[in-house]
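Per my numbering, the very first residue in the sequence shown carries number 1; after that it's consecutive.
Each hint should be verified, as a subset may be incorrect.
[Unchecked claim] In silico SDA-like pairs for lysine to any residue, Cα to Cα no more than 20 Å straight-line: (1) K541 with R513; (2) K541 with E578; (3) K532 with E578; (4) K475 with R513; (5) K475 with V489; (6) K532 with K475; (7) K541 with E502; (8) K541 with G465; (9) K475 with L435; (10) K475 with R517.
[What the hints assert, rightly or not] For each label pair, taking beta carbons as the anchor points, the in silico distance ranges come out as: (11) P153 with D490: 19 to 29 Å; (12) E430 with H518: 45 to 55 Å; (13) D490 with L409: 32 to 42 Å.
No wet-lab data here; the hints were simulated from the structure.
Just so you know, these numbers come straight off a predicted model, no measurement behind them.
For glycine and all other residues, C-beta sits at the position ideal for the given N, C-alpha and C.
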Amino acid sequence: MNWTQHLDPRLRLSTAIGWAVVAVVTLAALFAASLAASQAEQRARADAEGLLEEYATQVRDAASMTLQMRSLLLQVVAVQLAAVNVGHSGELRHALQAVRQRFTEFDGLVLTDSGGQVLSAAGTGPALHDIAQQAWFAAAHHQSIVSDAVAMPSSSARELIIASPLYQPSASSPSDDAEPEPCVLVASLPWAWFQSVLERMQDVLGHSRELELMLASRDGTVLMGPAEWIGRNIAASADLTENDHYVVGRRTQLRLADGLGLGWTVVVRQRAELTLAPVHSIRQTVFVIIFLAGLCSAVAAVVVTRMLTRRLQRLAQAAEQVRHGTIDDLVVPRGTDEVAAIGTVLSELVGHLQAEKRSLQQLNAELDQRVAERTARIERMNNEARMAAVSRERLRLARDLHDTLAHSLMALLTQIRLVRKLHSRLGADELDAELGRAEAVAATGLDDARAAITQMRDNSVRETGFGSAVRDLVKRFGHRTGLPVRLEVDADADAWLDERFEAAFRIVEESLRNIERHASATTVEVSLRELKGQQDSSDAKACISVADDGCGFDPDAPQPGHFGLRGMREQAALIDAELRVQSAPEHGTRVVLELAL
1 MNWTQHLDPR LRLSTAIGWA VVAVVTLAAL FAASLAASQA EQRARADAEG LLEEYATQVR
61 DAASMTLQMR SLLLQVVAVQ LAAVNVGHSG ELRHALQAVR QRFTEFDGLV LTDSGGQVLS
121 AAGTGPALHD IAQQAWFAAA HHQSIVSDAV AMPSSSAREL IIASPLYQPS ASSPSDDAEP
181 EPCVLVASLP WAWFQSVLER MQDVLGHSRE LELMLASRDG TVLMGPAEWI GRNIAASADL
241 TENDHYVVGR RTQLRLADGL GLGWTVVVRQ RAELTLAPVH SIRQTVFVII FLAGLCSAVA
301 AVVVTRMLTR RLQRLAQAAE QVRHGTIDDL VVPRGTDEVA AIGTVLSELV GHLQAEKRSL
361 QQLNAELDQR VAERTARIER MNNEARMAAV SRERLRLARD LHDTLAHSLM ALLTQIRLVR
421 KLHSRLGADE LDAELGRAEA VAATGLDDAR AAITQMRDNS VRETGFGSAV RDLVKRFGHR
481 TGLPVRLEVD ADADAWLDER FEAAFRIVEE SLRNIERHAS ATTVEVSLRE LKGQQDSSDA
541 KACISVADDG CGFDPDAPQP GHFGLRGMRE QAALIDAELR VQSAPEHGTR VVLELAL
């Protein structure tokens, strides 16, 4: 017995007792470690939340300062532009362009009159259109504002808007006594630039701490943060801790000098496993100490139990010998203890098992006879199935020979009969021409026979797919007949590889052969499409269509001596497909085959 069997509690009672002790001690160690670490974890979480709140305060102040500096910059530019007359649009544009070149973070600068009409602009931003319709425009006539109206994740181009009022003398009344005309200077800051500022701040704060920074608007919509949180609302009972997987600190309301503020909320998170790592270390230390003590107790319990279970082990060895057939009966141990009682029960059980064994041997003999009879019956059924397969193959070969040799031999026979009847009336040149045509018909029949044999030996549908095989077939048809062929093949058609599409390929081949020989067509269309089901993908069908604009025929009229159409229908029935032949005299022919995918 190897050491793994010594550790299997199913083989030894002493091992089972030892494992039971280990399990009890492990549970006790876990409980003690959890109890010891719970207070430390609460304290560590509170300290971490306070630290993260300080980080959030720093981020809030940095964001406030960044926006406040751009707002003050815009106010300074507004004061400078007040000295430029609005009638000189060239000077205004030059001044705005100079500001934008100096401060590249501005995506666009626009100067508007009180009605929102643009007086001059440098650059542009998607948010600087239809300014008069914006909600913040009215407030911008009286004070500097910062707006996040188009910074939401749902906006097509996210931007921050900074606007500042300025007053200029009216262009129509430039006198000193004229009432100054209110104007508004508007700048757009790309959200990507502002986000990069906060990300640099996050890198500074979160170096080696793996902090996550989130920024939410006044209504709680997340403007910046992890991808799965963008656009979500933290005010609508959202769990920022994600089931206590994160420790969260937050600060609200960006502070701007004008007192308006954006009402943003800054959230700084850190994974709880990093924050509480020291607590987990304490938990592990307590657990290891108690567990080692319990392991020593388990080893002692195993040693004592082994001393008490030797008689039971000898009984187990005797039972093992009975199981292997070394002995036929079990010797009952002497005594009145539990081991003796177990031995008595096992002895009686062995007697019953021996009787059952003899009964099973007799039953096995009967079953062997029945299996032999059933095997003979299955062999007969296999022979019958083999004969049915041979019959189906013969039928397929007959159809293929009809599609190749029968057509060619019929044409050759017709040509020979014509020569026999008219040879006395024909001149030498005409007779030679007729014999040449007969020779060409025979050569064509030989080529068709060779192609049919090649197709039987080499299955192009199985090798290259149905779509590729039809493309090659159509290409050969076009080269042979000179007819223009319009081919439409779905990309999925190359994946149609099973044996049903071999029969479908023969139907397409027969349709093109009939067009070549009988239709007198000028154009041909071949289409391989997949029809999607209305319920689910299991209802999809392959739709195969071959159409021409030739002379057409009546599909319901009998065609003595012609088996092509009948063979096509037989092949469609074999693959459980639906074949429709749509034709009328002088209206062309369309052959449609549909089968489930």
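Results for each hint:
Pair hint K541 plus R513 does not hold up; C-alpha atoms about 25 Å apart against a cutoff of 20 Å. With a C-alpha separation of about 11 Å, the suggested pair K541 and E578 falls inside the 20 Å cut-off, and the hint holds. With a CA separation close to 16 Å, the supplied pair K532 and E578 stays within the 20 Å bound. Restraint check for K475 and R513: the C-alpha separation of about 13 Å stays at or below 20 Å, so the hint holds.
Under the criterion of a C-alpha separation no larger than 20 Å, the hint pairing K475 with V489 is consistent with the structure, at around 13 Å. Pair hint K532 plus K475 does not hold up; C-alpha atoms about 28 Å apart against a cutoff of 20 Å. For the hint pairing K541 with E502, the CA-to-CA distance comes to about 16 Å; that is within 20 Å, so the pair holds. A C-alpha spacing of about 16 Å is found between K541 and G465, which places the hinted pair at or below 20 Å, so the restraint holds.
Distance hint between K475 and L435 is unfulfilled; the C-alpha atoms sit about 30 Å from each other, more than 20 Å. The suggested pairing of K475 with R517 holds, with an alpha-carbon distance near 17 Å, which does not exceed 20 Å. The supplied range of 19 to 29 Å is broken by P153 and D490, whose beta-carbon atoms lie about 38 Å from each other. With their beta carbons about 26 Å apart, E430 and H518 fall outside the hinted range of 45 to 55 Å.
Between D490 and L409, the C-beta spacing of about 38 Å keeps the proposed range 32 to 42 Å intact.
Checked against the numbered hints given earlier, this structure breaks hints 1, 6, 9, 11, 12; the rest are met.
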